[in-house]
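Starting from the known structure of chain A, arrange chain B on it as the hints suggest.
Spelled out, the chains give:
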Amino acid sequence: MSQSGVDVPPKGGFSFDLCKRNDMLIQKGLKAPSFLKTGTTIVGLIFKDGVILGADTRATEGPIVADKNCEKIHYMAPNIYCCGAGTAADTEAVTDMVSSQLRLHRYQTGRDSRVITALTLLKKHLFSYQGHVSAALVLGGVDITGPHLHTIYPHGSTDTLPFATMGSGSLAAMSVFEAKYKEGLTRDEGIKLVAEAICSGIFNDLGSGSNVDICVITKGHKEYLRNYMEPNPRTYVSSKGYSFTKKTEVLRTKITPLMERVEITEVGEAMEE
Amino acid sequence: MGDSQYSFSLTTFSPSGKLVQIEHALTAVGSGQTSLGIKASNGVVIATEKKLPSILVDEESTVTNVNLMSLLQVQKIQHLTPNIGVVYSGMGPDFRVLVRKSRKQAEQYNRLYKEPIPVTQLVRETATVMQEFTQSGGVRPFGVSLLVAGYDDKGPQLYQVDPSGSYFSWKASAMGKNVSNAKTFLEKRYTEDMELDDAIHTAILTLKEGFEGEISSKNIEIGKIGADKVFRVLTPAEIDDYLAEVE
Chain A
1 MSQSGVDVPP
11 KGGFSFDLCK
21 RNDMLIQKGL
31 KAPSFLKTGT
41 TIVGLIFKDG
51 VILGADTRAT
61 EGPIVADKNC
71 EKIHYMAPNI
81 YCCGAGTAAD
91 TEAVTDMVSS
101 QLRLHRYQTG
111 RDSRVITALT
121 LLKKHLFSYQ
131 GHVSAALVLG
141 GVDITGPHLH
151 TIYPHGSTDT
161 LPFATMGSGS
171 LAAMSVFEAK
181 YKEGLTRDEG
191 IKLVAEAICS
201 GIFNDLGSGS
211 NVDICVITKG
221 HKEYLRNYME
231 PNPRTYVSSK
241 GYSFTKKTEV
251 LRTKITPLME
261 RVEITEVGEA
271 MEE
Chain B
1 MGDSQYSFSL
11 TTFSPSGKLV
21 QIEHALTAVG
31 SGQTSLGIKA
41 SNGVVIATEK
51 KLPSILVDEE
61 STVTNVNLMS
71 LLQVQKIQHL
81 TPNIGVVYSG
91 MGPDFRVLVR
101 KSRKQAEQYN
111 RLYKEPIPVT
121 QLVRETATVM
131 QEFTQSGGVR
141 PFGVSLLVAG
151 YDDKGPQLYQ
161 VDPSGSYFSW
171 KASAMGKNVS
181 NAKTFLEKRY
191 TEDMELDDAI
201 HTAILTLKEG
211 FEGEISSKNI
221 EIGKIGADKV
231 FRVLTPAEID
241 DYLAEVE
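Heads up: the sequence lines are chains A and B, in that order. The numbering of the first sequence is full-length UniProt numbering, which starts it at 1 and goes up by one. The numbering of the second sequence is full-length UniProt numbering, which starts it at 1 and goes up by one.
Keep in mind that the hints were calculated from the coordinates and are not lab data. Where hints are given, some of them may not hold.
Straight line, CA to CA, 27 Å or less: simulated BS3-like cross-link-like pairs of lysine-lysine [to be verified]:
{"hint": "1", "chain 1": "A", "residue 1": "Lys123", "chain 2": "B", "residue 2": "Lys104"}
{"hint": "2", "chain 1": "B", "residue 1": "Lys154", "chain 2": "B", "residue 2": "Lys101"}
{"hint": "3", "chain 1": "B", "residue 1": "Lys51", "chain 2": "B", "residue 2": "Lys183"}
{"hint": "4", "chain 1": "A", "residue 1": "Lys48", "chain 2": "A", "residue 2": "Lys180"}
{"hint": "5", "chain 1": "B", "residue 1": "Lys114", "chain 2": "A", "residue 2": "Lys222"}
{"hint": "6", "chain 1": "A", "residue 1": "Lys240", "chain 2": "A", "residue 2": "Lys68"}
{"hint": "7", "chain 1": "B", "residue 1": "Lys154", "chain 2": "B", "residue 2": "Lys177"}
{"hint": "8", "chain 1": "B", "residue 1": "Lys114", "chain 2": "A", "residue 2": "Lys123"}
{"hint": "9", "chain 1": "B", "residue 1": "Lys183", "chain 2": "B", "residue 2": "Lys208"}
{"hint": "10", "chain 1": "B", "residue 1": "Lys50", "chain 2": "B", "residue 2": "Lys218"}
{"hint": "11", "chain 1": "B", "residue 1": "Lys218", "chain 2": "B", "residue 2": "Lys51"}
{"hint": "12", "chain 1": "A", "residue 1": "Lys124", "chain 2": "B", "residue 2": "Lys101"}
{"hint": "13", "chain 1": "B", "residue 1": "Lys171", "chain 2": "B", "residue 2": "Lys50"}
{"hint": "14", "chain 1": "B", "residue 1": "Lys183", "chain 2": "B", "residue 2": "Lys104"}
{"hint": "15", "chain 1": "A", "residue 1": "Lys222", "chain 2": "B", "residue 2": "Lys229"}
{"hint": "16", "chain 1": "A", "residue 1": "Lys192", "chain 2": "A", "residue 2": "Lys222"}
{"hint": "17", "chain 1": "B", "residue 1": "Lys51", "chain 2": "B", "residue 2": "Lys101"}
{"hint": "18", "chain 1": "B", "residue 1": "Lys177", "chain 2": "B", "residue 2": "Lys208"}
{"hint": "19", "chain 1": "A", "residue 1": "Lys48", "chain 2": "A", "residue 2": "Lys182"}
{"hint": "20", "chain 1": "A", "residue 1": "Lys123", "chain 2": "B", "residue 2": "Lys171"}
{"hint": "21", "chain 1": "B", "residue 1": "Lys183", "chain 2": "B", "residue 2": "Lys171"}
{"hint": "22", "chain 1": "B", "residue 1": "Lys114", "chain 2": "A", "residue 2": "Lys68"}
{"hint": "23", "chain 1": "A", "residue 1": "Lys219", "chain 2": "A", "residue 2": "Lys48"}
{"hint": "24", "chain 1": "B", "residue 1": "Lys114", "chain 2": "A", "residue 2": "Lys124"}
{"hint": "25", "chain 1": "A", "residue 1": "Lys123", "chain 2": "A", "residue 2": "Lys192"}
{"hint": "26", "chain 1": "A", "residue 1": "Lys219", "chain 2": "B", "residue 2": "Lys229"}
{"hint": "27", "chain 1": "B", "residue 1": "Lys50", "chain 2": "B", "residue 2": "Lys208"}
{"hint": "28", "chain 1": "B", "residue 1": "Lys114", "chain 2": "B", "residue 2": "Lys154"}
{"hint": "29", "chain 1": "A", "residue 1": "Lys124", "chain 2": "B", "residue 2": "Lys104"}
{"hint": "30", "chain 1": "B", "residue 1": "Lys229", "chain 2": "B", "residue 2": "Lys50"}
Fair warning: this is a prediction, and the values are worked out from it, not measured in the lab.
For reference, chain A alone in the conformation it holds in the complex (with noise of 0.2 Å):
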């Protein structure tokens, strides 16, 4: 087929040009900017009426706490949710252009969506990237097969699992999984579950902190149960506020009153409409 000497950009895939000029840019001595991370404890687990999700509140970048109280819990579909641990935009992000993605999915089949189309999806996009877009996620939800719970790795590989943890807070939030998880739990005893396990990851882990975020999902009803618990109340020093009794010294004052020096001159015609 011949071409029409139309230059035809190069279709799809990942333009790696910019990774050259960072790579000779470190070399040259510049930092890059860190990330602002989700440091992160996220849960999730199947209980005998659907799935509990779980999420600390605290995003970092660095050492510095930049949000105390984020949301980490994003929505996929309404039988849907998905925490993220990793990048803050890379989760956002990718979680919104899923969520995107099965609501013209729903529309084009007339179906409820599926955990494993939302899986699929994911798995697919992280792949493509190589692990560069840096979202771990723990996917959760109830369809039309059952409950479902699945981890998502940054580089694209997945696990079906009963209970899971990801995050840097993960190994805090397992081994209280590890000891205490059992099949067939009720609503309130793996709600109760899943906060001991966020606790344990905002306690322990430097990267997690502040407050309890819980979703609970069962058969065509979900619970999205922000900040259940707030176990890191903020104290302030002193209820009556402050007060400066010592003023700032006034040495000199200078006023310099701002006047508009333009000349207006009218030159040429006028724009026609």
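Same frame as chain A, but now just chain B:
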């Protein structure tokens, strides 16, 4: 659009200044099954004839989500967003393609601005797509006219989009086989302060005017949207109720 060998447009001007392909597309629309829409004070209703080509056509399907699709295989009225619905006259397959594109555009808007797309914007983008197919290489214009019904912050709205890509806002409109009779009927019956239920009755009466054979819930489709901003296709049972009221 268009392969390398067809980089020229098939829609070209005639000496009289008309785009003949678009005229032909409008003829295709005019020979399609009648559809109509009415904008009431508190909502919009769109309706269409649904005559299956033969009694041998298998109507049932296994679709389960009743909110998005009826339980029938062939559904002419479709959702573009939760608060915008659309019906057509003309070629069904062309309609399918347009609905798919429009849904994607609405979703892209939603992704970017985190709010539902206003009706006028979606209509404009759909109309742009239809116009592109009249000025691109190797493609033909769409053989459908659309009636888009929606309810957003500006209230209830009804738009008609033609194969040329032009769109108009209507208080009430009809298209397809019976267009002239239907429009005359609507002109007589339309009132500014009509309510949604009255509009549905009027829509049924208008369809009845030019209907060949017995009108029933199996051979018409009705979609409505009210102040709740949720577009819904009526179930056959609900259509039966309205038909009984009209008798």
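Structure-based check of each hint:
Taken as a hint, the Lys123/A and Lys104/B pair is honoured in the structure, with Cα atoms around 22 Å apart against an allowance of 27 Å. For the given pair, Lys154/B sits about 24 Å from Lys101/B by alpha-carbon distance, which is consistent with the 27 Å threshold. Distance hint between Lys51/B and Lys183/B is fulfilled; the C-alpha atoms sit about 21 Å from each other, no more than 27 Å. The straight-line distance between the Cα atoms of Lys48/A and Lys180/A is roughly 15 Å, inside the 27 Å bound, and the hint therefore holds.
Annotation: proposed proximity of Lys114/B to Lys222/A holds, straight-line Cα distance about 22 Å (limit 27 Å). Taken as a hint, the Lys240/A and Lys68/A pair is honoured in the structure, with Cα atoms around 24 Å apart against an allowance of 27 Å. Using a Cα cut-off of 27 Å, the hinted pair Lys154/B and Lys177/B is violated, with the two alpha carbons roughly 32 Å apart. Using a Cα cut-off of 27 Å, the hinted pair Lys114/B and Lys123/A holds, with the two alpha carbons roughly 24 Å apart.
Only pairs whose Cα atoms come within 27 Å are accepted, and Lys183/B paired with Lys208/B is accepted, the gap being roughly 13 Å. Taken as a hint, the Lys50/B and Lys218/B pair is honoured in the structure, with Cα atoms around 8 Å apart against an allowance of 27 Å. For the hint pairing Lys218/B with Lys51/B, the CA-to-CA distance comes to about 9 Å; that is within 27 Å, so the pair holds. For the proposed pair Lys124/A and Lys101/B, the alpha carbon gap of about 23 Å is at most 27 Å, so the pair holds.
Between Lys171/B and Lys50/B the CA atoms are separated by roughly 23 Å; this keeps the pair inside 27 Å, and the hint holds. Between Lys183/B and Lys104/B the CA atoms are separated by roughly 32 Å; this puts the pair beyond 27 Å, and the hint is violated. Of the pairs offered as hints, the one joining Lys222/A and Lys229/B holds, with about 23 Å between alpha carbons and a cut-off of 27 Å not exceeded. Taking the CA atoms of Lys192/A and Lys222/A, the gap is about 17 Å. The hint holds against a cut of 27 Å.
Pair hint Lys51/B plus Lys101/B holds up; C-alpha atoms about 26 Å apart against a cutoff of 27 Å. The straight-line distance between the Cα atoms of Lys177/B and Lys208/B is roughly 13 Å, inside the 27 Å bound, and the hint therefore holds. Taking the CA atoms of Lys48/A and Lys182/A, the gap is about 10 Å. The hint holds against a cut of 27 Å. For the hint linking Lys123/A to Lys171/B, the alpha-carbon distance of about 48 Å lies beyond 27 Å, and the restraint is violated.
Among the hinted pairs, Lys183/B with Lys171/B is consistent with the structure: their alpha-carbon atoms are about 11 Å apart, no more than 27 Å. With a CA separation close to 24 Å, the supplied pair Lys114/B and Lys68/A stays within the 27 Å bound. With a C-alpha separation of about 11 Å, the suggested pairing of Lys219/A with Lys48/A holds against the 27 Å cut-off. Taken as a hint, the Lys114/B and Lys124/A pair is honoured in the structure, with Cα atoms around 24 Å apart against an allowance of 27 Å.
Our distance criterion of 27 Å between C-alpha atoms is broken by Lys123/A and Lys192/A, whose separation comes to about 30 Å. Restraint check for Lys219/A and Lys229/B: the C-alpha separation of about 26 Å stays at or below 27 Å, so the hint holds. About 12 Å separates the Cα atoms of Lys50/B and Lys208/B, which keeps this hinted pair within 27 Å; it holds. For the given pair, Lys114/B sits about 18 Å from Lys154/B by alpha-carbon distance, which is consistent with the 27 Å threshold.
For the proposed pair Lys124/A and Lys104/B, the alpha carbon gap of about 20 Å is at most 27 Å, so the pair holds. In summary, the hint linking Lys229/B to Lys50/B is supported, as the alpha carbons are separated by about 25 Å, within the 27 Å threshold.
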